[in-house]
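Protein chains in written order, with the numbering used here: chain A, 177 to 347; chain B, 512 to 568; chain C, 17 to 609.
The hints are simulated quantities; they were obtained by calculation from the structure and are not laboratory data. Among the clues, some could well be false.
What the hints assert, rightly or not - For the chain A half of the interface with chain C, some residues (derived, Cβ under 8 Å), not all of them:
id, residue
1, 192
2, 278
3, 296
4, 315
5, 328
Cβ coordinates follow ideal geometry from the N, Cα and C atoms, glycine included.
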Amino acid sequence: MHIHAYEKLWLAASILLILLLIGSVTYGAVGPGVAMVADSEQPIDAGGLDEDERFSEPRVEQVGENEYAAYVVAYQFGFEPSPIVVPEDSTVTFYVTSRDVIHGFEVVGTNANTMVVPGEVSEITVEIDGSQEYGLLCNEYCGAGHHAMEGKVNVVSQEEFEERNSGGDDA
Amino acid sequence: MGQNQAAHASTDDVSGDEEFDPIGTLTLIGIYFVILLLAWVYVYYIEFLGRDLVVVG
Amino acid sequence: MSEALETERSFVDKFPEEARVVRAALLSSFLALVLGAIFGIIQTLHRTDVVRIIPSTDYYTLLTAHGVFLAISFTTFFLVGLFTWAVTRSLDRPLVNIRITWTWYTIMAVGMTMTGVSILAGFTDAIDMSADVLFTFYAPLQAHPLFYAGLAVFIVGSWIAGVDWFRTWLAWKRDHPDERIPLQTFMVLTTMAMWYIASSAVAASVLIFLLPWSLGFIDQVSPTLTRTLFWFFGHPVVYFWLMPAYLLWYTVLPKLAGGRLFSDPLARVVFVLFLLLSTPVGIHHQYLDPGIAEGFKFISMTNTMFLLLPSLLTAFTVVASVEYGARQRGGTGLLGWLTDLPWRKPEFTGMMLAGLMFAAGGFSGMVNAGMNINYMIHNTIWVPGHFHLTVGTAVALTFMAATYWIWPQISNKPIYSRSIGLFQVVLWFIGMALMSNAMHAQGIMGVPRRTAEPEYSGFDYPAMFGGFEELNIQIAIGGTLLFVSTVLFISNLVLTMGNPKVSGLAESLPPALSGPDDAPRVLDNLGLWVGIALTLVVLAYALPLAAIINRGGLLGPGVGTYPVWVAPVLDALAGAVTPLVGEVAGSLVGVTP
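The shape of chain A in the complex, shown without the other chains (with noise of 0.2 Å):
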């Protein structure tokens, strides 16, 4: 089969392309260290959520040196807890998942980004830096009051996240 000269350089470029691609994901995955969203977790009984020790009270604690773990359940139409509040420079992991239908877990103009599928918990650890608000939304179509599904990741400092941990409810 006769293929051009140039058409052969194309197919070589294109190759090259795509292997370009292949690589700078697999860099990402490598270097930075940027981790998929995967099984890690067991399935659960999103009807049950009452009875799990780590939704029945959404929250965030502590679990080691500088790291923490958040609870989050999405459900039609919001987040709990809401607000988030994580102390800065620290490692959280979000432990998210939702009593009803599909949610997303979008902490807005960041990575972190995740679908939250009833019976099943998505968790992803990130390194929070200094104290910001962020915006949290649901971005996957879940109902008549999608639009209105929203929520807030706050970094606040060592001492605020402590106070407000250590005083009343996890609001």
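Guided by the hints, dock chains B and C onto chain A, whose structure is given.
Only chains B and C this time, still in chain A's reference frame:
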């Protein structure tokens, strides 16, 4: 007419692509290639890897 | 060339029955386009807060209709019309049994009507029926059973269409035993083979899970499983949309440019690559799903990246064919030949602009394919920005452009106004450039897709690219231009249909520069390619599907059902039937209830 009669016609017309070098195409697609490369590098390395809350676990 | 001596009989003169089917299919396609466009303009103005004439809760009904009518009905009806034309024309013979042809067309029309009714009923409370589940339908959001049943019927109709064309080709083959499959027919057959593979999973999802579930026969279904089965189909469907556009770019556009297809063999290779690679990639729509291992996602990514290859090759072959035409017309210079092309013809300019826009869409597609960069843009409005460039322009604009060329040949009526046609295709391009560009920018800011009101009370978007409000205005303007363009297209066609018939509208297609005889015979071995395609699909999907079923069971871990259709029909039926039964019983026994 079906392609078949046409196929016979093309054999007396010496495979056109021997005489025709699509240099304009090569140029245009070369420009496209460069744009793709630059755009990818920007979007991946600067925009994506540069933003907050990269998922590392 | 022998083509010059060809008879002046147009397609409709030679194949009047087939031409009628083609016209019917195209008109069904444009009906869907009209409805989709009306909903599109309402959506655009609603989302950008320019004017909100419906309650935001109804937005999702509109969005479901927009997606289903445009992404399923408009595209598929055009495809079946185009393919009927292409098979008949390239084999130079009628279809084997025109009654079967009308049967599949009717089945498709019935199916789409069923689904359409179930969606539109969501606008009124008078009918207890709705399907606000969007075009990408999976559990636990549930639609009325009519929605799923209609789609199943529609898909079966399309399967019969494929059988119709295969049979016609086999009949031709008996009379032409050693000949290569004519290119257009080859493209039709490979596309349909891909479609059978791709649609099998969504048909299974609908028939085994979603339909029985919506009828109340099973209690729950697995969200992850139905998602995975949907996306098994949901990626290759975009190639089902694209391959007819490629057929036009490969076999018609060179002629419009005054040239010839640069390489028939390469065109065959491209279509074989689509048959092989379109389906084993669906998991790239699920990069951020819990419940699916990263390894499966990575495999899907590499397959997807290689799926870029046939499109990149197409870019070269098509542009080279056009360049050949330009130089034949006297064009010279490295790029100067670009001016020696028939830019006044809407069919030419429309296809060229569509191809140009597709090049941009290819880039955002590369980003979408990148597994980890998906975190940045998943479910943001970047994604609609991408697909409005691809299906919304590369496909839709090519279809509109092709109509200007094909309609006269299938009806013997000249186009009412070619200048309006030219204006319309350029307007489409401008409108889409504005709208899609702003959508991509907003997506990077984190603005979500599929929402009636993207402004939130608790926070503002990052200030980038001129800002959220500025970009909203661009989206609104772009969308409005697109709507105007659609109105012009449809009006032009309607006025064309009112024209008197004339003769002399026949058009021929020249042979390729490098013809089918230069293509290795193995390319025509459809059985081989289907076998490989199935193997790749099994490799990509067997383990993930087994893992999903193993994890959560066939019907999913404990999940409820969320009917998005109001009030069970059964309650209403029970309410109607009970007094009736009482009356009948009373009259039999002589007692009034």
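Cross-check of the supplied hints:
no., hint, verdict
1, 192, "11 Å, violated"
2, 278, "6 Å, holds"
3, 296, "4 Å, holds"
4, 315, "4 Å, holds"
5, 328, "6 Å, holds"
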